[in-house]
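Using the sequences and the hints, build the whole thing.
Numbering (UniProt numbering), first residue to last: 1 to 132.
Please keep in mind that the hints were generated in silico from the structure rather than gathered at the bench.
Take these hints with a grain of salt, some might be off.
Keeping only pairs whose Cα atoms sit at most 27 Å apart, straight-line, the calculated BS3-like set for lysine-lysine is [said to hold, decoys possible]:
1. K67 x K94
2. K110 x K57
3. K94 x K110
4. K64 x K50
5. K67 x K57
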Amino acid sequence: MKRDRVATAEPRGSSSSSAAATASPPSSSSAMVVPRCQVEGCNVALVDAKDYHRRHKVCEIHSKAPKVVVLGIEQRFCQQCSRFHVISEFDDSKRSCRRRLAGHNERRRKSSAESVIRNPSPLGSPHYPYRT
Numbered sequence: 001m002k003r004d005r006v007a008t009a010e011p012r013g014s015s016s017s018s019a020a021a022t023a024s025p026p027s028s029s030s031a032m033v034v035p036r037c038q039v040e041g042c043n044v045a046l047v048d049a050k051d052y053h054r055r056h057k058v059c060e061i062h063s064k065a066p067k068v069v070v071l072g073i074e075q076r077f078c079q080q081c082s083r084f085h086v087i088s089e090f091d092d093s094k095r096s097c098r099r100r101l102a103g104h105n106e107r108r109r110k111s112s113a114e115s116v117i118r119n120p121s122p123l124g125s126p127h128y129p130y131r132t
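Shown next, in the form of structure tokens:
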């Protein structure tokens, strides 16, 4: 069973050398690691990059590049998956992999078909101005 530890605070204004003596400087394991682009040969620090690029460990240039080398393999960053895929998973110069594009197009076709079912013809609409 875990026991809860209660931290005690010293009153303001008191100076205690024991508190300062027990505090240790941050160790190397707790120090912030600077995120860098994972593309081979790119050593760009992502400290000032957008959150998206830091989260996915890719600089803006390589997120849009048609071909990069990651882990010794030629790949491209997929803007839908936010991951690198081998080049063969993309059509031509597209930035989204075939699998994600297929899902996207299927959803578009589905919503388009549903709108036609709801309103099959603009002539049948009471809002169509040239209704006879």
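Hints and how they fare:
Pair hint K67 plus K94 holds up; C-alpha atoms about 11 Å apart against a cutoff of 27 Å. Distance check on the hinted pair: K110 and K57 sit about 34 Å apart at the alpha-carbon level, beyond 27 Å; violated. For the given pair, K94 sits about 22 Å from K110 by alpha-carbon distance, which is consistent with the 27 Å threshold. Pair hint K64 plus K50 holds up; C-alpha atoms about 14 Å apart against a cutoff of 27 Å.
Taking the CA atoms of K67 and K57, the gap is near 16 Å; set against the 27 Å cutoff, the hint holds.
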